[in-house]
Structures are given as structure tokens and as C-alpha cells.
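Each residue of the sequence shown is one higher than the one before, starting from 5 at the first, in my numbering.
No wet-lab data here; the hints were simulated from the structure. Here the structure is a predicted model, which is why all the values come from computation and not from measurement. We put the CB at the ideal spot given by N, CA and C, even for glycine. You may find that some hints are simply not true.
[Claimed, not checked] Derived CB-CB ranges, DEER-like:
1) Ser-71 <-> Ala-98: 21 to 29 Å
2) Val-34 <-> Asp-136: 14 to 22 Å
3) Gly-106 <-> Trp-38: 13 to 21 Å
4) Val-206 <-> Asn-59: 38 to 46 Å
5) Asp-22 <-> Asn-216: 38 to 46 Å
[To be verified] With a straight-line cut-off of 27 Å between C-alpha atoms, the simulated BS3-like cross-links for lysine-lysine are:
6) Lys-143 <-> Lys-63
7) Lys-67 <-> Lys-143
8) Lys-43 <-> Lys-146
9) Lys-114 <-> Lys-43
10) Lys-83 <-> Lys-114
11) Lys-83 <-> Lys-63
12) Lys-43 <-> Lys-67
13) Lys-43 <-> Lys-83
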Amino acid sequence: MIQARFRFRAVEGQEVRDRHSDVIRNLAFVTWLWEILPKDVQISLSGESASCSLNPYLKANIKGAISYAARYSQGMSDKAIFDDVLTLNLEENAIHYAQFSGCIFEDIVKAFVAYRATIILDLDLDIDDYEDIVELAQKTGKDIDGRDTVYRFNPINYFDDQLCHRAFGFGAEEVVTRLDGEIERAVIQEGGALIIATTDLVDRDNLYALHNHIASLLGIEATN
């Protein structure tokens, strides 16, 4: 099982239903995802936040859901807890992974208007990282692996220009310049950095290696 995550900074005062309508309309154009084109996708409201399942519409080998953050008229902090999140779980043996990672991923970034997105090949490693992320957040006061920093580089990543400046100290153009020719593909996408280290399915040792390689090229501390 692989997981793709896409995050959008919720906009203060924006109506969740309006955001939902925009998202579904945009995602419908990513036809690779759908068994049935998504129409009238219902959201479940919980106070100011909401969520929806995309499973009735997605292809049989894909599961997905969207969570919409609360949009308070006052008091929304600049942290990832106020992100809308699209999560897709995919059976890697049942999809054309190279096509998804090399083409479809960036289409979803655009449709969801993501500020950061990634494909996770090792969910156990992702869980292991969480404890360190929480500890670092408590020590630094930063939104670690959220809106302020990047904790781990996965094989496929997208970071918008604002996140690049916060996490690396320079913008998306510089990120792409440093990575171009060093990985499979690094390009500007929607004003941000699309980082495709590899479209191959790789094991944990290779995940560590590609993370450390990208981190060194960007001049940040490597994490095992």
C-alpha cells in the first residue's frame, strides 16, 4: 500500500461548501482516478470542519478521502492543523505506479491547489517519524513537517514557494536549480518545486539514501 497526501492552507472565512465544490470540480478532470466521475459528493459537517469519502467514485484499487479544516473568522493559526487534506491509498501492484508518480500526482497538486504533497512508500517509516516530529515541534515551536519545515524527502514531493522559503531559506527556483540533473526530475510546477527523485518503487534503505542525497543538495541536516 502506498499513500499520497495533498495539503491546502485553509482560508479564513472561506465557506467549506464552496471549497468542496471547487475541489470536486477540479479533481473530476483527473480522469485517471475515477470509475465514476464524482458528482454531488456529499460532505459530512462536524462543527466548522467537514469531511467526505471519495470511495464510491474512485477506481477499485484506490481509496480516498478529504478532510476540510475549520475556517474560523478569528483565531486560525498558521499551522498545518488548519489544512485541508486529500489522502489517497493505492495498491501499488494494481496501478501503473510510474504513471501515477510521474504524471498524475502533479495533476492532483494543481487540482487541489496543494502547498505541499508527497507519496509515501513506507507507511511504517512515516509512523516512526511522527514521534520525532512531535518532539522537534515541542522544542522549536515550529510547525515541523507542516507549514514551516520538511522533515523527510520522499520519492515524490511538491513544495510551494512559500514553504521552500520557510523550510530551506530560499525559493522554489533555487530548489529546482540545486536538484536539476541530480534526481529523475525537478521542475517548477504551479510556482512551486516538483521533486521527483525516482518513479521506481524503492525499499527503506533506498528511501534513506534519496532523502539524504536531496537534503545534502539543499544544505539541510539529513535525517535517518
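Checklist entry - Taking each numbered hint in turn, which are not upheld by the structure, reported in ascending numerical order? => result 2, 4, 6, 7, 8, 11 and 13
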